[in-house]
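J.: When you get a sec, could you build the whole thing from the sequences and use the hints?
Sequence lines, in order, name chains A and B. Mapping of the first sequence onto UniProt numbering: residues 1 to 360, in sequence order. Mapping of the second sequence onto UniProt numbering: residues 1 to 360, in sequence order.
Repeated chains share a single entry, so a pair holds when one copy, or any two copies, can fit it.
Straight-line Cα separation of at most 25 angstroms, DMTMM-like style, residue types lysine to aspartate or glutamate; simulated pairs: (1) Lys188 to Asp306; (2) Lys48 to Asp31; (3) Lys48 to Glu35; (4) Lys188 to Asp31; (5) Lys188 to Glu55; (6) Lys6 to Glu63; (7) Lys188 to Asp290; (8) Lys188 to Glu295; (9) Lys6 to Asp64; (10) Lys48 to Glu184; (11) Lys48 to Glu63; (12) Lys48 to Glu171; (13) Lys188 to Asp199; (14) Lys6 to Glu114.
I should point out that these hints are in silico values taken from the structure, not numbers from a laboratory. What you are looking at is a predicted structure, and each value in this text was computed from that prediction instead of being measured.
Number of protein chains: 2
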Amino acid sequence: MAPTGKPTLAVVGATGAVGAVMLQILSQRADVWGEIRLIASPRSAGRKLAVRGQEVEVVALTEDAFAGVDVAMFDVPDEVAAEWAPVAAARGAVVVDNSGAFRMDPEVPLVVPEVNPHALRNRPRGIVANPNCTTLSMIVALGALNAEFGLRELVVSSYQAVSGAGRAGVETLRAQLSLVAGTELGTKPGDVRRAVGDDTGPFPEPVALNVVPWAGSLRADGWSSEEMKVRDESRKILGLPALPVAVTCVRVPVVTTHSLTVHARFQGEVTVDGAREILATAPGVVLYDDPGAGEFPTPADVVGTDPTWVGRVRRALDDPTALELFVCGDNLRKGAALNTAQIAELVAAEITGHGGPARH
Amino acid sequence: MAPTGKPTLAVVGATGAVGAVMLQILSQRADVWGEIRLIASPRSAGRKLAVRGQEVEVVALTEDAFAGVDVAMFDVPDEVAAEWAPVAAARGAVVVDNSGAFRMDPEVPLVVPEVNPHALRNRPRGIVANPNCTTLSMIVALGALNAEFGLRELVVSSYQAVSGAGRAGVETLRAQLSLVAGTELGTKPGDVRRAVGDDTGPFPEPVALNVVPWAGSLRADGWSSEEMKVRDESRKILGLPALPVAVTCVRVPVVTTHSLTVHARFQGEVTVDGAREILATAPGVVLYDDPGAGEFPTPADVVGTDPTWVGRVRRALDDPTALELFVCGDNLRKGAALNTAQIAELVAAEITGHGGPARH
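T.: Next up, the structure:
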């Protein structure tokens, strides 16, 4: 810990798309940190980035970079996290990892502070996992409803933004939009594909003037890794390991903010008024639901904000135990950097004696 | 009937977005028609449009315009259809109407030739209704699965193209894309809205770099008219008036081709292999489903084609009676003009004695 009595934070992957948002968020939130150390790959070492109004020089990822670090937030590829998170933990840092490397490890808690903060206490490996951005874009709202009504089933379809695929995703959409804007494209088979060419960046198909029902890699029985993450992580966070969850993930030409339609079935009858009351008062949730007045969340309005936005709340016409929702969340903020920062702050409160006892 | 022995067809609304596709389709399909008469509002009368390689002059919508017409395909606003379809029917034409005016009329059959051609026979008003484009973009595939497995429940989310809102929808998206392409927009709250201005055309929110969870007008309990259409029409076409159907309709920045995710529950256990066999052989359906090889339908590839494309066929991991599907259909072709033309051809076959007895 720094002589100030405030813990030292390391940001690993500070130069990436999520890293940039992490630095913004650290500058906006209550200043609980002493030193903030920025760590990235050796080729980024020496760059200077702004955090809390100061220029900080990026240092290379080495074991010694974690000397004196109390909490290390990681946003790096899975394989880098798998190698380096245990190194940081062995040096005494509590790691909050935003990769997929540890999320389903039974010895690593998967934490959303509004939903399961208690899970943070039990972290025998010294590692805490941050959920996938798609799960995080809806789970705060579903956690609130589950606490009251008891979830029995989820059917989810996603409308995922290109920044979920990192800077390359954003650059790909922007380049494709420049090629299709001002044209008559989108009316003949393959015309968009011919216009944007064979290099579709991180996506298997053109994403401008298109939607692409694929995210991640192929898993068993035709499921995508993204769909399996939403199912597995939702179950773990909600503490409902047998919850039926059916997910289809689709990429859409939106820069940032994931949207999801949710068909949620509960233990007993629900009412729209009851659901609205829960959502209107749940921490981290904004209920924005008056379609007669044109009020429902869309990515264009939600991007850049912290909460999970919920609209289009309806009870299924044929099932009094089911609700239909449209949910939006900024996939780089709550979907990644913000939730990581919130977890890190809970750990900081433990360390400085403002929270429960640290177990690491 | 014309002296050729071929029936006379009228196309009412020939100058609209769907009308233009109707003329294309009439030029592409088997030539079962004698005269093809083009009818539109008086301000479009006198224009010449190409159909079957000939220039045909548009005539104004009057009662006399239907003299000698055997079949009249209507694509006009609901209120125009409500007024003029009975006029055409009274003059002896069988009306095939693509508006919403008659779809739920118990005396008007709602027909999809691959699913319920038998319903065509019973048309006491002389009017046959063509389903809504969103319903039509998925129903051929669901009809085939229902015939084999027996549907028990549907949960549907749509990814609807802007041309579902007519030429104004397409022009709005194209104008907005020209404003956002080449910019850094899509990363700050409201930045897209400010760039595109207050005139969002037929949509309640910007549709470029966005998705909008609204289509149609407000119905009871927060449902949109589009969502109610998909529910009511699917039940009527499938002959399952009590089928539980939960729908959320969302507009996406795609020019043409609606996509839908479908969670379909059946009477008993299903297998992916069984479903694939049905879909691979069903008339009007293309199974395109090998995600490991990058094969799944997207609007960019489906636009301009006739079939209903199905991919991402998976069995729900927690329910052996449920399938997950991603379905695409060109909302102007099968979703509107093609299905109308197919119905009209069935009526023509009746009239000329190649089908069953005409009842009108």
